[in-house]
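**Student:** Sequence:
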Amino acid sequence: METLGPEAWQAVRLSLKVAFWATLAAMPLGIAVAYLLARVRFPGRGLLNGLVHLPLILPPVVTGYLLLLGFGRQGPIGAALHELFGITLAFRWTGAALAAGIMAFPLLVRAIRLAIEAVDPKLEEAAATLGASRMRVFATVTLPLILPGVIAGAILAFAKAMGEFGATITFVSNIPGETQTIPSAIYAFLQVPGGEGAAMTLVVISLAIAMAALFLSEWLARRVAARVAGR
Numbered sequence: 001m002e003t004l005g006p007e008a009w010q011a012v013r014l015s016l017k018v019a020f021w022a023t024l025a026a027m028p029l030g031i032a033v034a035y036l037l038a039r040v041r042f043p044g045r046g047l048l049n050g051l052v053h054l055p056l057i058l059p060p061v062v063t064g065y066l067l068l069l070g071f072g073r074q075g076p077i078g079a080a081l082h083e084l085f086g087i088t089l090a091f092r093w094t095g096a097a098l099a100a101g102i103m104a105f106p107l108l109v110r111a112i113r114l115a116i117e118a119v120d121p122k123l124e125e126a127a128a129t130l131g132a133s134r135m136r137v138f139a140t141v142t143l144p145l146i147l148p149g150v151i152a153g154a155i156l157a158f159a160k161a162m163g164e165f166g167a168t169i170t171f172v173s174n175i176p177g178e179t180q181t182i183p184s185a186i187y188a189f190l191q192v193p194g195g196e197g198a199a200m201t202l203v204v205i206s207l208a209i210a211m212a213a214l215f216l217s218e219w220l221a222r223r224v225a226a227r228v229a230g231r
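Take full-length UniProt numbering: the final residue in the sequence shown is number 231, and no numbers are missing along the way.
Any given hint could be a false lead.
Quick list of simulated restraints, FRET-style, between CB atoms [as the list claims (entries may be wrong)]:
| hint | residue 1 | residue 2 | range |
| --- | --- | --- | --- |
| 1 | Ala132 | Pro176 | 47 to 57 Å |
| 2 | Leu214 | Val62 | 22 to 32 Å |
| 3 | Ser133 | Leu16 | 31 to 41 Å |
| 4 | Leu51 | Thr88 | 17 to 27 Å |
| 5 | Leu69 | Asn49 | 15 to 25 Å |
| 6 | Ser133 | Gly177 | 44 to 54 Å |
| 7 | Thr140 | Pro6 | 42 to 52 Å |
| 8 | Pro121 | Pro176 | 43 to 53 Å |
| 9 | Met211 | Pro6 | 22 to 32 Å |
| 10 | Pro6 | Gly50 | 38 to 48 Å |
| 11 | Leu69 | Arg223 | 35 to 45 Å |
| 12 | His53 | Ala128 | 27 to 37 Å |
| 13 | Gly177 | Arg134 | 45 to 55 Å |
The hints are simulated quantities; they were obtained by calculation from the structure and are not laboratory data. Yeah, the Cβ is synthetic: ideal placement off N, Cα and C, and Gly gets one too.
Go ahead and model the full structure; you've got the sequences and the hints to work with.
**Tutor:** Printed below as a string of structure tokens:
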């Protein structure tokens with residue numbers, strides 16, 4: 001291992017930034033989708049479940065290419081965002097956050113869905129019989145009970161977003177200071193002679209962040225579970 005230069009540390013900071021915003025942006029939609037899959041029966045439910053888990057099945061490069069087709073400057077969504085709001089996602093760190101969020105989304109939804117399915121529906125039904133709306137039942141009964149699952153899903157999504165490479169490099173390339181995250185920087189270092197030491201240092205940093213995230217997830221989940229149980 002060796003001391004990293006400013007460019008490599010910039011990749012570490014960018015990875016944390018991308019993972020944070022990817023997780024934060026995915027959270028509201030992830031909770032909503034998980035609730036739909038766990039509690040609501042509707043036509044197309046199987047299709048929605050398949051679409052949610054598609055990033056886990058497709059090669060990441062394919063996901064990145066589809067993002068480039070849809071959200072690139074020439075894509076229908078990307079062109080509309082640029083013309084209406086001046087937003088460009090391709091080859092920007094925001095695009096890296098989008099790609100990372102999509103790749104992490106299945107893990108987030110699955111963790112929250114399992115937490116919702118573990119809640120006894122009779123508790124929600126009892127609240128509904130007292131006149132509470134579905135939204136109020138979710139906010140006052142379901143959400144407090146699934147908080148450990150939400151936290152676990154968020155940490156898993158964060159860790160996945162930190163390590164995302166294939167979709168990110170396909171959609172936003174590997175631009176130092178703009179889109180170069182830890183995995184992209186490791187790849188770049190391995191392409192040049194003598195870069196193995198810097199690559200190994202980034203690997204160790206990546207492992208440390210991932211382990212810290214897992215320990216934090218476990219600690220927070222236990223704290224929240226204990227508080228919900230009234231202990």
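**Student:** Can the suggested window of 22 to 32 Å be confirmed for the beta-carbon pair methionine 211 and proline 6?
**Tutor:** holds, 25 Å
**Student:** Using the C-beta atoms of serine 133 and glycine 177, is the stated range 44 to 54 Å upheld?
**Tutor:** Given range 44 to 54 Å: holds, Cβ gap about 48 Å.
**Student:** So the hint says 35 to 45 Å: do the beta-carbon atoms of leucine 69 and arginine 223 match that?
**Tutor:** For leucine 69 and arginine 223 the Cβ distance comes to about 43 Å; the hint holds.
**Student:** I want to verify a distance hint. Is the separation of the beta carbons of leucine 51 and threonine 88 within 17 to 27 Å?
**Tutor:** holds, 25 Å
**Student:** Is the distance from the Cβ of serine 133 to the Cβ of leucine 16 consistent with 31 to 41 Å?
**Tutor:** Holds - the Cβ-Cβ distance for serine 133 and leucine 16, about 38 Å, lies within 31 to 41 Å.
**Student:** Regarding threonine 140 and proline 6, is the given constraint of 42 to 52 Å on their beta-carbon distance met?
**Tutor:** Check passed, 49 Å falls within 42 to 52 Å.
**Student:** Is 38 to 48 Å respected by the C-beta to C-beta distance linking proline 6 and glycine 50?
**Tutor:** Given about 44 Å between the Cβ atoms, the range holds.
**Student:** Just to be sure I understand the hint, the distance between the Cβ atoms of leucine 214 and valine 62 should be within 22 to 32 Å; is that true here?
**Tutor:** holds, 28 Å
**Student:** Cβ-Cβ distance between histidine 53 and alanine 128: within 27 to 37 Å?
**Tutor:** Taking Cβ atoms as reference, histidine 53 and alanine 128 lie about 30 Å apart, which means the hint holds.
**Student:** Could you say whether the range 15 to 25 Å given as a hint is met by the Cβ separation of leucine 69 and asparagine 49?
**Tutor:** holds, 24 Å
**Student:** Would you say the C-beta atoms of proline 121 and proline 176 sit inside 43 to 53 Å of each other?
**Tutor:** 51 Å Cβ-Cβ, so the 43 to 53 Å window holds.
**Student:** Using the Cβ atoms, figure out if glycine 177 sits within 45 to 55 Å of arginine 134.
**Tutor:** Once the Cβ atoms are compared, 46 Å apart, the range 45 to 55 Å for arginine 134 and glycine 177 holds.
In this structure, every one of the numbered hints holds.
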